[in-house]
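So for the sequence shown, the working numbering puts the first residue at 1184; every next one is plus one.
Any given hint could be a false lead.
To be verified - Computed spacing ranges between beta-carbons, pair by pair: (1) SER1208 to ILE1408: 39 to 47 Å; (2) GLU1352 to LYS1417: 34 to 42 Å; (3) ASN1238 to THR1595: 14 to 22 Å; (4) PRO1446 to ILE1191: 48 to 56 Å; (5) GLY1348 to GLN1592: 38 to 46 Å; (6) SER1268 to PHE1315: 25 to 33 Å; (7) ILE1332 to ARG1481: 25 to 33 Å; (8) ARG1309 to GLY1437: 48 to 56 Å; (9) ARG1539 to GLU1207: 17 to 25 Å; (10) THR1595 to PRO1205: 44 to 52 Å.
Since the hints were derived computationally from the structure, they do not count as laboratory data. Ideal placement from N, C-alpha and C gives every residue a C-beta, glycine not left out.
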Amino acid sequence: MATGLDGILEYKYEKISNTIEPTESRSFMGYRRSDGRVGVRNEIWIIPTVGCVNNVAQSIAQKAKEYIKGNIDGIYAFTHPYGCSQLGDDQNNTRRILAALANHPNAGGVLILGLGCENSNIDEIRKVMGSFDDKRVRFLAAQEHEDEIESSLKLIKELIEYAGGLNREAVCVSELIVGLKCGGSDGLSGITANPVTGVFSDTLISKGGTTILTEVPEMFGAETILMNRCADEKVFHKTVSLINDFKEYFISHGQQVYENPSPGNKAGGITTLEDKSLGCTQKSGTAQVSGVIGYGERVNVKGLNLLSAPGNDLVAATALAAAGAQIVLFTTGRGTPFSCSVPTVKISTNTELKERKNKWIDFDCGSVVKGTSIEKLADRLFEYVIDIASGKYVKAEEAGYHDMAIFKQGVTL
């Protein structure tokens, strides 16, 4: 088997009519924020502006656990190595991701923790955040306090007092935004879990909801399937740019655009990137592509959206959360324990993985190969997602796993 992929291509828009008919609405129990957005968790997030204060942020999160009360789902620090010694778009992307997480509705309260001398300091992050509710967002620059941990804990207590008094309420499922991601794929990914996730996506969209598909390099070779489902020529041209810009990124670094699948993918039965991409795109179902968003941008149209981000699991899942996803569905044939900042549902492609790594896997699609219909499993997955959105923890949350990763694209000073 050999790949046929190579370089930048020209594309022609050949629209496919594929209207998703509306279906009966549903509701889940979520947290309505003051800006009108809805969260599926009510957590306290500590977001460092720079890697220099990572350990301080983690210490604050650990010490603050004893103060949890009311309807607080947990306190987490999202550490990263960036925020200083970056230039241009690379630094701007870091600021956008940090600001997007600070504005995310799954956080009932946010402490933005700075050092004080970094490029992406608190004032810079505030500019990118735009308007925010000062009852749920607080700021602290460590260099300005004698004991930054003690001062931070005072702010955390105030955030807990505010957010702990908030309650879940019935919310229309049209407010739900779900990210779609795969990793550690195998030969069954495009046969079981990805098609089930695709039917789930169509179902959510039929009820007015939104899904986001990313990992652009894993669309290479199957991109025309998405392009021909674009709602109009404007969205088509944005999708062409999405694909070719990412290919240019590879080429500018002297890399082949087909540098995939990974060793684990090959061991699981995947042959070429086209093979992998045909599985990846199935997560998008059959809905038309309504929007295309850049890295660090927030989704602004309902329906199926494409997001510019790489295939790396942590980077792509973080980008989905920053784009507004309250939940990420992650299909896998090899398994992984990670979680991004929002509930990350692990969906196995084969039952053997579910049985062997039960502490990792939330939902199994392996029974498709034994005759269970894709539609039946998609209905079960939809109900499971409603439960997650209403407060049920996924396995990674039960284990206390919360991660984030930022796409490093430029020079480090």
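Review point. Do the beta carbons of SER1268 and PHE1315 sit within 25 to 33 Å of each other?
Key: Since SER1268 and PHE1315 have Cβ atoms about 27 Å apart, the given range 25 to 33 Å holds.
Review point. Is 17 to 25 Å a correct range for the gap between the Cβ atoms of ARG1539 and GLU1207?
Key: 38 Å, violated
Practice item. Can you let me know if the beta-carbon spacing of THR1595 and PRO1205 is within 44 to 52 Å? Key: 49 Å, holds
Practice item. Given the hint of 14 to 22 Å, check if ASN1238 and THR1595 actually sit that far apart at their C-beta atoms. Key: The hint (14 to 22 Å, Cβ to Cβ) holds, given that ASN1238 and THR1595 are roughly 20 Å apart.
Review point. Can the suggested window of 25 to 33 Å be confirmed for the beta-carbon pair ILE1332 and ARG1481?
Key: Given a distance of about 32 Å, which is inside 25 to 33 Å, the answer is holds.
**Study point:** Whether the CB-CB distance between PRO1446 and ILE1191 falls inside 48 to 56 Å
**Key:** 27 Å, violated
Exercise for review: May I ask you to test the hint 48 to 56 Å on the CB atoms belonging to ARG1309 and GLY1437?
Suggested key: The hinted range 48 to 56 Å is violated for ARG1309 and GLY1437, with Cβ atoms some 38 Å apart.
Review point. Using the C-beta atoms of GLY1348 and GLN1592, is the stated range 38 to 46 Å upheld?
Key: For GLN1592 against GLY1348, whose Cβ atoms are near 41 Å apart, the range 38 to 46 Å holds.
Review point. Quick one: are GLU1352 and LYS1417 within 34 to 42 Å, going by C-beta?
Key: 36 Å, holds
Exercise for review: Using the beta carbons of SER1208 and ILE1408, state whether their distance is inside 39 to 47 Å or not.
Suggested key: Taking Cβ atoms as reference, SER1208 and ILE1408 lie about 29 Å apart, which means the hint is violated.
Consistency with the previously given hints fails for numbers 1, 4, 8 and 9, ordered from lowest to highest.
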